[in-house]
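J.: Spelled out from the first residue to the last, the chains are:
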Amino acid sequence: MSDLAVEGLVHVYAEGAVRAVDGVSLHIGAGERVVVIGQNGSGKTTLVRHLNGLLRPTAGRVTIDGADAATRSVAGLARIVGLVFQNPDRQIFAPSVRREVEFGPRNVGLRGAELRAAVDEALAATGLAGSESVNPYDLGGSRRKLLALASVLAMRTPVLVLDEPTTGQDVRGVERVRSVIEAAHHAGRTVIAVSHDMRFAAEAFDRVVVMRDGRVVIDAPTDEAFAAASWGTLRSTHVEPPLPALVGERLGFGSTPTDARLLEALAGAQ
Amino acid sequence: MLTLESVSYRYAGARGASLRDVSLELRDGEVVGIIGPSEAGKTTLALVASGLAPRAIGGTLGGTVHLDGVDLAGRPMHEVAGQVGIGFQDPGTQLSGVTETVFEEVAFGPMNLGVPRDEVIARTWDALATLRIGPLAERDPARLSGGQQQLVAIAGLLALEPRHLVLDEPTAQLDPAGTGLVADALAAIARAGASICIVEQKTDLLARLAERIVVVDGGRLAFEGAADDVLADPRLRDLGVAEPAGVRLTRLAGEARLPDRASQRLTGAIRDLAAADR
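Line by line, the protein sequences are chains C and U.
For the first sequence, our numbering gives the first residue as -3, with consecutive numbering after it.
For the second sequence, our numbering gives the first residue as 2, with consecutive numbering after it.
Honestly, the hints are just simulated from the structure, not real lab data.
Fair warning: there could be bad hints in the mix.
Residues from chain U that face chain C, not an exhaustive set, calculated with beta carbons under 7 Å [claimed, not checked]:
1. Ala143
2. Thr268
3. Ala270
Partner residues are not named here, just some residues of chain U that face chain C (Cβ under 8 Å, in silico) [stated by the list, open to error]:
4. Ser7
5. Thr44
6. Leu114
7. Asp176
8. Ala191
Every value quoted in this text rests on a predicted model; they were computed, and no experiment measured them.
Ideal Cβ positions, reconstructed from N, Cα and C, are used throughout, including at glycine.
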């Protein structure tokens, strides 16, 4: 299992340009579920792309189990951290769904029955079982996104990083993503996501990291991150707390960031 | 007015039709939301309504699409592009890829349509200001975040000043503030007489923006009506469409059989918050 640490991370894309990430330190223990939120351009995607070595720090470092990630090869990192892009078309290239999902685990050395099992499991988890021979580009946008997720899941990495996994998904698609996260969590894997979907953030994660202008402005358990005391900071980075949080506060229940928590509080308040 | 009459559409090489017998009227100044489960045909409907399908991507169209009474099929693409703007879900598809600054990117569309230079410049600054991305004017579009690129793509559409706008999940990658800015900008151009057709998963956004909502399922129109009625319709849930947060909470409260007083407190708070939002 893998322990991730980001230490004083700075990333500047081009010389003299914006500091997309400007001094971020985070420790994410094995098995945690963490969501990164914040306004457009606040550095969320840039931050998570350092976790699998896709971007190299301008300053600071990322360590995995204490060892500097920069000392590992990209292939070595790929066995530990699986990253699913926001846009599946940046990632999909194979002629069939099965071949697409096989590519990653094959590259990290899975063969034969083990490979088949990893692929079947990922296809089942994402609802793509039965579509193995379909050309990825004949899938609609929402299923292409689930395919990108499946192809990373199949690598069975101890850390999963999902960039905006619920965009373009209907209710069932969001449910699929939630159940994938749930299953990964039960298997002891770390899940880190970037999201603008506050309902998803509040319901599927235990810890919330809020970014503004390349820095972390809140890093707290979900209840605390969406409590009234945080709203000013959330709104300063263009985040609106989920509706049940607003309603719960208005009714004097304290922090109730999910539908379930609010209904519990309402039922208990007699 | 944009009119689709008994439209069916099949993608090139596809076995079945993705749209079947869809008739839809988009009146000037009207904002119509298109919702439905994944792969219901929403994006296809956007491609057909904008004239891109079958003209640019092939495939077979049945029925007709009329723009102000003229059949789209008979008109050259540059003419259609001057009348109907289309916004894609992924800004990477939308951006030209040939400009070096955000300013040039936003100016690219009206320049290509032959709008006079001074007016292009004025429109470009206006569009950037409306979406509050003026400070990005000198940046390289390729080096912006996904959400910032989406705002740039929408600014490009605003600068075209289209009479009709077809948008496919224009706020998918935006934070709530960006989504709010886009909603305000769209409402303003609708008030100026443009008609807007917007495909969305975010029903909370449509509750605020759309007057009328059309529900698509299996390539057909399932039902349509005034936005408030459709968004509260229990059939949405069966189709797998996300309900607006307030509708969902109220339903869950009903299913949990909360005491009357608790339910009343809940609906009162939701109502007050919605009123404060407007």
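J.: Failing hints, ascending?
T.: Numbers 1, 2, 4, 6 and 8 - these are the hints that the structure violates, sorted from lowest upward.
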